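Assemble the whole structure, with the sequences as input and the hints as a guide.
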Amino acid sequence: MSTQPTALKGSVKERAQLALNNDFLRKAVRFTTERLRSGKLKAAEEHGNWDEWRERGRQIRLHTIAHLDYYLGEFANNARENGVHVHFADTAQDAINIAIKIAAAKNAKSAVKSKSMVTEEIHLNHELQAIDCEAIETDLGEYIIQLANETPSHIIIPAIHKNRFQIAELLSKDAGEELPPETSVLAGYVRKKLREKFLQADIGVTGCNFAIAETGSMVLFENEGNARMVSTVPKTQITFMGMERIIPSWTDLEVMATLLPRSATGQKLTVYMSGITGPKRTTDGDGPEEMHIIILDNGRSLQLGDPEFQELLNCIRCGACLNACPVYRHIGGHAYGGTYSGPIGAVLTPALKKNVAEWDDIANASSLCGACYEACPVKIPLHDMLVSLRRRKVEAGRDDPMERMGMKGFGGVMGNAKVYHNALKLGKIGQKVLVRDGGIRAKIGPLKGWNAYRVAPSISKKLFRERYNSLKTELGGTTKLDPAIAARLEQWRSKQDGGASH
Amino acid sequence: MVWRMKVSLFITCLNDVVYPKVGETMMRLLAKYGIVLEFPNVQTCCGQPAYNSGYWQEAKAAAKTIITAFADSDFVVTPSGSCAHMVHNYVDLFKDEPEWQEKAKQLQGKIFEFTQFLVNVLGVTDLGARFPHKVTYHPSCHGTRLLGVKNEPMELLRNVRDLEFVPLPFAEDCCGFGGTFAVKMSDISGAMVTEKVDHVIETEAEVLVGLDMGCMMNIAGHLRYRDKPVRVMHLIELLYEGVTASNEHATNGA
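Chains A and B, in that order, give the protein sequences. Those letters in the first sequence? Residues 797 to 1298, per our numbering, in order. Those letters in the second sequence? Residues 542 to 795, per our numbering, in order.
No wet-lab data here; the hints were simulated from the structure. Computed from a predicted structure; not experimentally measured. Hints are all accurate, no fakes.
With a cut-off of at most 20 Å between alpha-carbon atoms, the simulated PhoX-like pairs for lysine-lysine come out as follows:
#, chain 1, residue 1, chain 2, residue 2
1, A, Lys1291, B, Lys646
2, A, Lys1268, B, Lys562
3, A, Lys969, A, Lys988
Examples of chain B residues lying across from chain A (beta carbon under 7 Å, computed):
#, residue
4, Met568
5, Gly575
6, Val583
7, Thr585
8, Gly595
9, Cys682
10, Asp714
11, Ser727
What the simulated footprint calls covered on chain A by chain B, stretch by stretch (three residues with Cβ under 8 Å from a Cβ of chain B suffice, anywhere in the stretch; the number is not a length):
#, stretch
12, 1113–1127
13, 1186–1193
14, 1240–1246
Backbone N, C-alpha and C fix where the C-beta goes; we use that ideal spot for every residue, glycine too.
Dropping the structure here:
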């Protein structure tokens, strides 16, 4: 039972097609994302000063990332003083090697895990399995995904694409008996099963929502209490964190603790929020005797100093952009192909993978509607980043030759109004064979995809620019400027700010 | 006083080519307040299709026609929030061409989406229009989220007499247009427009109104594909029709 590091299969279009044909998936994803985003909107409204807090959150993240070296150093020093073994890993393989070495030294036979996207990113479970150390996911959603031998399709709701009947089927197989598709029964079964696993485990593996530089502490947000079990029962704890998880102080955590649960699930506060500062002390009743933190780069530092992508490191992994995204709602997370899905995944995956050609196409899976930006608690301009990714692909010469030809044509036509007008005159003649009742239904050329779902409009018999002169003559003679309007125009001309834009 | 203010129309390619009535009704509406829009005909397209696809050189070619067209205008008005926002992107587009960037900044300061111009600049919120129909409104993403046009159309709609407004469920969700997205990712886009049209039908509105004909073309195209007789209009067309109807109403002595 493991999460296999699967190779990227097909294009985003092909993967999306699988999802679009899967009504169970679409229904399940729509149901939960709608619940989450309406919860988020309600929580933000009840909060009262949501946009001010978003801006505060953004500023904290901008500042931290701009001084990441300083805060990482401060965090590592303080954590070491607390008795934590701090490791830095440049690559996924480095992180795995460190973890495997620790597990081997402990002769570990099992590891219980709380939810961690970083361990998904490096495919840790698979590697632990290879040294005969059973890795057990203890977050309910992650446990389900592990049973299904799949990967998470959402940052915080890993099994969002499954309905309770599918989950009951998976858990029944695990239990060896028929379990009814009732949430309380299913959760009860998993709780009982995991209780034994917690008690037997040699290692507890956690992620890290925030690392507090000023005290070298790690903070975990969770709703099920499993992370608390993972971080108290086993003798050894290994915490994985992306190098950008840092915030300077506990005061900053207040802002993050306000933004994260509300954005993620609409909760005012997460059910459990644990701050962990070092291993068990002699006076403590429980906790690990040995504690490791593995700080992972794996492509993150490539974003530092990149004016278009540095803000990507501000992400606090709340999943709000997934819940708000109209594309994600229809295709789910697996269609994105990477560990991280939705709008953040469409940018983060190629960015972490150094923009290799293999990941070029996921930037196209967006209508650039900006819902992600609007939902983001730290205001990451994902819609702009998607455009930047597309531009870099073109600049690297990895664009589709047909599209390039089309766009060259666009530049030629749109660069000169005379050429543009002549092209349209030709178009008016050319469309004659296709237009019926002012519409075009033929599924040909660039209209193929469009007309699979729509009737295309035709070019107007008389363009606006062909009507303008007579309109002006008609209106010009009768018009007298309203003095109040003239005064407003004068007043505005002196301002000339055109209104703010995002 | 000699009037020297130049208020120009940025028609946008889609309205020029497919929906010229939007430009025509806009001119007629503004003429009521004494503004006759200028139309510098060197303008073509804002360049958004190329910009969003990553072809910035080609986008620049189009953008330069817009910057040039309106260099000597005091105000530029456009019936599209999306194209207006694209003009805001010019500052970034021309980051390595300081001369053009400077001109882009000037243009950004004086370009307004139609309802912004009407409500914020001219201070007009009630045109005296009458439109006795059941109407729903789709707020386009770029205009609403990126340009910040939210209250202006609502205020204009509220002041239309006899108009029965029905809110569109999940109104703020993208209709799936996204320019080239609808062609490149046609099946995802198709799923999105299907959902949008489902919601439009749910409202039982006779008329769907919006501020961006790109989105309206997408939704109208799918409505027609499904043979649903919902009338799709730009808010400008609705207002013009409403003003004309209202005048006739008055003339008839009703």
